[in-house]
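Relying on the hints, combine the two individually framed chains into one complex.
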Amino acid sequence: MERVVKRKITLTYPTGIVLLAISRGYRYGFDIMDISGLPDGTVYPALRRLEHAGCLSSAWENKKAANAEQRPPRRYYRLTADGEEALAAARERFPGLDMVVPPVQFRPKEA
Amino acid sequence: MREDDWSVRLARSCIRLAELFVDADRRSDWRLEWESELEHAKSQLSQTRHNRLSTKVRLIRRCTCSLRDAILVRRLAISRRDNSPSDIPSNRIAVLFDSAQDVRLAFRSLRRKPGFAFAALLTIALGIGATTAVFSVVEAVLLAPLPHEDADRLVILWETDLRHTPPAMQVNVTPANFADWRSQAQSFEGLAVYSIGRATVTGNNEAEMVTRAWVTSDFLPLLRGRAGLGRIFAEGEDSPGGNPVTVLSYGFWQSRFGGRTDVIGRSLTLNGSEFEIIGVLEADVDFLARGIQVWTPYVLSQAELQDRRRHYLNVMARLKPGVSHEQARIEMETITDRIRLEHPEWMIQRGVNVVSLRDQMIGNARLTLQVLFGAVLAVLLIAAVNVANLTLVQATGRRTELAVRSAMGAGRSRLLRQAMAESLTIAIVGGALGVAIAAAAINSIVVLAPANIQRTGDVGIDLHVLGFSIALSVLSGVIFGLVPAIQSSRVNNSRSLSGVGRWAGGAGGNRTRQALVIGELALSMMLLIGAGLLTQTFRRLVSVDRGFVSERLLTASVRLPQQAYPDDAPANVLYDEMLVRVRALPQVSSAGLTRFLPLSDGPWTFSMKVEGLPTPPEEERLTYAYQPVSTDYFRTAGIALLRGRDFSSADKADAVPVVIINEAMKQQFWADSDPIGSRICLDRDSDDTPWREIVGIVADVRHDGPRRDARPTVYGPHHQAFDYLLDRMRLVVRTTSEPLAVARNVSRIVRDIDPNLVVFDIRTMGQLVARSVAQQRFAMLLVLGFAGIAAVLALVGIYGVISYTVSQRIPELGLRIALGAQPGAVAGSILSQGMSLAVVGISIGAVGAAALSRVLQSLLFEISATDPLTYVVLALGLAIAAAGACFLPARRAAFADPMEVMRRE
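Protein chains in written order, with my numbering: chain D, 61 to 171; chain R, 4 to 908.
All the pointers check out, no bait thrown in.
Okay, derived cross-link-like pairs now, BS3-like style, lysine-lysine, Cα gap no bigger than 25 Å in a straight line:
{"no.": "1", "chain 1": "D", "residue 1": "123", "chain 2": "R", "residue 2": "45"}
{"no.": "2", "chain 1": "R", "residue 1": "45", "chain 2": "D", "residue 2": "124"}
{"no.": "3", "chain 1": "R", "residue 1": "45", "chain 2": "R", "residue 2": "59"}
Quick list of the computed label-pair ranges, beta carbon to beta carbon:
{"no.": "4", "chain 1": "D", "residue 1": "99", "chain 2": "R", "residue 2": "376", "range": "43 to 49 Å"}
{"no.": "5", "chain 1": "D", "residue 1": "73", "chain 2": "R", "residue 2": "31", "range": "31 to 37 Å"}
{"no.": "6", "chain 1": "D", "residue 1": "158", "chain 2": "R", "residue 2": "56", "range": "32 to 38 Å"}
{"no.": "7", "chain 1": "R", "residue 1": "518", "chain 2": "D", "residue 2": "158", "range": "52 to 58 Å"}
{"no.": "8", "chain 1": "D", "residue 1": "158", "chain 2": "R", "residue 2": "826", "range": "38 to 44 Å"}
{"no.": "9", "chain 1": "D", "residue 1": "156", "chain 2": "R", "residue 2": "9", "range": "36 to 42 Å"}
{"no.": "10", "chain 1": "R", "residue 1": "111", "chain 2": "D", "residue 2": "158", "range": "22 to 28 Å"}
{"no.": "11", "chain 1": "R", "residue 1": "823", "chain 2": "D", "residue 2": "156", "range": "34 to 40 Å"}
{"no.": "12", "chain 1": "D", "residue 1": "158", "chain 2": "R", "residue 2": "470", "range": "51 to 57 Å"}
None of these hints come from the bench; they were simulated from the model.
Glycine is no exception: its CB is placed at the ideal position from the N, C-alpha and C atoms.
Isolated chain R, as found in the complex (with noise of 0.2 Å):
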């Protein structure tokens, strides 16, 4: 016998706890005897071959007993020592040991009821667990306040684009846009603009990526952002030609520089560029709960701002306080039309929208959290009723015990007492599981969580909602116990104890029960459907084709300080450097550069115009996304060239300008005809921008997930490229192999190049892929397991009452057995019964779900929310589920024994 055995570790802790009831006195010598107990035990375990586990457990078993032991040799010890006749022992603990008979009565019952002690732990444990949890995410991630002061009064302001129908697309601000409303709108106490990116810092230590905010110096007096150490941005430091100035968020201070307060007036490179420090900002400062470390000022020159085409800014603002947003809304709209009357060539089809910040952080979470929300309370709603429901079946079956108790002698508040520590004993053995199992879901529903529910770091266990979901199991628990307690206090126990009682449970409490059921079926078929809808989704957008080949192809990113790369030369030599090294990599069998990444980052949208065709009006504005790539970037992705040629080496800054299309943008333009060898100018409205050559057609890329069509996109080398896109580019490599294990050699060539650099963002395609499903896999997930809680509660509680009915017929059934009935006749008598049941609660619930279908069709994709495919198939699983759980009880009934209820009766 090893020493370590847990079995025997944890045995021995439960003597060594229960020791401290024993006396002081007797302690040594009771704790030898169970020691010794323990020890033969011990040697006994070693020699067992077979059942290991449940000896082991059996163990675990009788060393709890010594728990009870300890406090009869203490019971003993006093009562001896009070010289009482009585082994009763009369002094104050005796209302201890009273509770504790009423507890070890309630376990007792409780185990001569398994069945329905299991039911009811596995309903009060179920609901409670999962209400918690997802009252706990909801709460953390909806309802609690942002950590801002008055955050609600903050929003965000953005352009809408109304031709995207409907809803009107969010864009961003142009800059004189932004100069007319903060220098028109009243509803606010100010308008900020930011920008949230990444940048390098260099210097003594080794160059790391951190996040950066620009802001002008007007937002974080807005946020209430404080500095906890120097200053803030003043007035006037946004503006060109001021100081570059940076200010340190409270724990990249720490991180970098260890909390010391010299800080403040030192260097700080940013992106190769010298920043002077400072401030450090208060702990907390933060915003959109993107973990900002460095704030720099948002330069706009007063050219800039009068720059009414290029949309590009975010802008953030405080409603005044006594503003409501709705007013904020109209006086934005009323600004927004008097610009279009003043600049109408640039406000076509232009609106404008006000969303709060909390809007703006849960995104389209908030739908998938109401429907989570929805699910949950239907989980509660079920769990409650079958608490109610076995409560009440096995009280009333327990009439003539109670009423023998009483008969007895036993006081009316004793029976009560014992009624209310059974019903508290599962209430809070059950919430205890309940608890448990909270904590594992809260802990399984953050790590699913997708990244655009944001705020999901803050997420624990609600102690208000657990302490409320106990409180309600509790509640329910006791008022439920004690009906039948006082009732049996009142009733005559002669009527109880001759029968005559007994089957008095009553044809109307019946038909409630069933109707209870009913419900409980029918809001389980329900979230079945919505778990089968959102399953089938997420396997649709699985496998709907993308355009790419995401397996065994790393990505990575690489930014270039603006300093050391200040135009397109240097840059296009670095990437093609980089390229060299990377493909004369082992293990790597093609690598190409993109700007833009699909499943990451949009492709910025130019708008172009086509040679031959006139220049459409503004309305009517082509707009394209355009990408800067590298030769063999189709290859490497996995994108079909359909026609013409890839770019090659040749195609260089001087070379004759071209481009490569996709599909969906020779579906626009030349639908009927071959474009290669057609010419396009990608700037609409300006008239030196070369024409280039279309020289191939590429397959479709979703570069923006699976639920959004390709856009009309073109491709053009990056050495022809617009400079101003060429400071970022992604890596695409195609391995032979692991691709995150190619990562490092990938890093330590960047640096080899220039140790300045840094290679960020580092994943495997795999791994936006499924990001981008991930928002889908969380739904989907948690509504699959709430309909499966559900449907197991809803098939207790139809096995419930099924079972009552039948050990309420038992007399009856048992008679028209010996009368000669047939065992499979009474039997299906008593499925068709739960079975009419089951066919009500699931007709309702398909009804029910047809109903709200409206609610989830825009989480779904490709699929019709009243499928009837999902419905027939769902309904059939549950109908037979539902069969089977009526069949046990259906089963007892073709057995039950004639001679046993005449004997009974």
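Chain D with its partners taken away, still in its complex shape (with noise of 0.2 Å):
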């Protein structure tokens, strides 16, 4: 019934389109829930678990970037094979996924 991928994720419909955000170049917490639709509460546990299962790996943002702008470093999050190989066994079972989260230059303007 449910796809387990390496270190048993449950692939639900919100977990992929976490996956499917971030592949489309959304790659912070807020900006998932900005995007996706998902109610708030469920992005960060979706997140944590795919880095727990090694689909996701996470690095800080280039320090630099952001003195420069005076704020905290963000804690960006990317793919990872597993997590590539999750997003294709989540559009198998979720046909349509691709429609929910629009490609990442339709995003309004960072200040």
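The following block contains the structure:
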């Protein structure tokens, strides 16, 4: 019934959307909330589980860029190979997933 | 973006709180991640121009997710440490997370049913809030013990005037009757006299107005008031010629003397006389909740104790152990009968009354509080019925869901726990809201409470009551939440899943629910009628013609110490001087003096004789109220002069004695003739009191409040008044601007004339009027509030039942529509079903209100408790509201989509 990827990640619909959003270039928690229309409370748990399962890796953004804008650096997420695999599985399981998240260029311009 | 935006600060505190859950070694990383998200959101927020509030709310909501994230991060860290393949932790805190999951599930499932969640929360919050608030007030005022040792044995003794019927009017006790009672009554440990008033303390510091009690020496022992320092009055210290001594209250000792122990033996200047301080009472000694600061002996001479004519003593007594209230009353009546035999001329139409101290303090507020009590009980009942109804309705609708969970392998205990989590979530959130409502409601009740409901200072949220209300709502939630869960854990899952069991709500259950809704509507109809009647009463009380004009009228009291003003001559000089100076103030258009102010203190009554008429026998004494006033009093107070002339400055002590009477007195003696020029004598039993000529007639003033008709009243110039009435006068000042702005100047003038005088009781006439209707306002506002709550709850109830019926009948209705039924007709049938419930409920409520009308009648003014207009208007209003509540489900029924129904089946 549920596809199990390596470290046992339950591939739910919200998880699929989070994977998709990251692949489309939304790399921060709040951005994913903004774009995906998922309930706020589901995004971070999905990120944590995906990272825990090895589907995502996270890194801190360039400190210089942040300092220039006088704000703390943000942690951004990207798909690992396992993540790509999981996204493919999600696409297979939830046809139409691609329609949910627009590509990143439609994002409102950041300050 | 401003750094101090509330939403950002709230969001940040949320993150700070959540980080406590994260493992210490990951904490700074975790915090940085969330704070950078917040920072980013903040910069976005600063660019948003529209919808700022909703954006902020979203930001806060997001940051509350950090709590959940923190818990998850901790869990994942644990599972990594344990190297467990599953992301379900296997250690002890698993139970905690299971419970957290229950609660999360509960929140989620409630969010899916916002209507149900809102209705249930509203019901529980209003029910708990209103009940707790009113029970707390009633508990503090009616039920809590008085702050005296064995307070239930304390009673107040009154004489009664049986001519006022019913009920007989309480009057003060004559000294001679008091002496007889004290020597003959066996029921009491003792009888004591008290009087509470105001006094001016002068001395080192500035003059200060204090509350003073005069008590006979046995009073404090009867009250069980003990001295914390020094001593209380000794026997005999209340006899004439005794040393002037005083005992201070603990609070006054602290405020005036800073709690110094060397005050004993020092002197205190009270109204210009020196009193030796002999003691300080223990902290909580007070009487009638008056805040007494200074206690002095009540001196009764032997000669005075022979007086059976003047009624002016207040008598307190303590019942002996084992003597009941009733026994004491019977004994007192026997003694009064005996006195009547010996002194028939003084005891005509006189009786006696024994009133418990508690009843004395609650006064006529008891009925108001009882009405409130009834109102709140009705609300609680409605709320409980609503919770039961709502939970049952929605639980029945969830049987399929529970069956699915059960089929998926959820154990019975898991199902039960989840059901409980939902009920508890509602109960706890509703309870928390209820506490907030209760706290706010208690505050407004205390603020609104009229002065004659005493002890409101003691009111706080009663924890027992609160606990009880919350326990009740939790219990009802748990029971009604568990019943369906237990059922579903037993039912045949395949039946429920296949839909066979889905419509098994049953007609029987429906009938019960309908009966409950009818009951709710009936109760709220009764409350609405009560509220409607009280509202109209209040409107009439406020708009009644009082006989004076209260706008821009300042009132203030001045009391003259006896030493400095031993008789009327110096007093009148002072009063004249005061008037001249006050009238000269800017913003003052006129000023006058009166001894008794309407709505404040009653004029003293005397009996009189009219020239040319025979002196009437004792039982037909012509009593009248006597009022010394100054020139210009009538014009200042706005009392109309109907005939004749006002007093002038020529009406001095040595001029021809003159009086002005009111309309009520004219009607009594000169209904068909002109009283101007007639003469009356103000003392029936004296031959050397001069005859006074009537020179004018003024309009009636409702001196004792709007409910009482004006008494026959005689006004005399203060220069010609009985001098014992002149120790205190009320100044009335008509101003051209805000009256209280003038008060400071008035006080200054009085201090300039005599630095030892204090102006006190400074109020506007508007404040006095408001105070006179305060109890009505109190009852009206509270009953109105409860009626509103009850109506809302009842409407929620009828909405719940009708929409449940609709959701049950959707397949049938959809089928009908598919077969060609008009949507309008379908909606109409649903509406009429709801309205038939409403009509039955409203009718029962109207009948119930009429049956209870007797209870309410004494709270009403110039309106019948069965006023047809009120009944009709409110019945129509409630019916329309009920139609509105049924309209939504009816509309849903009309749009039942046949295809949707087919698919569901």
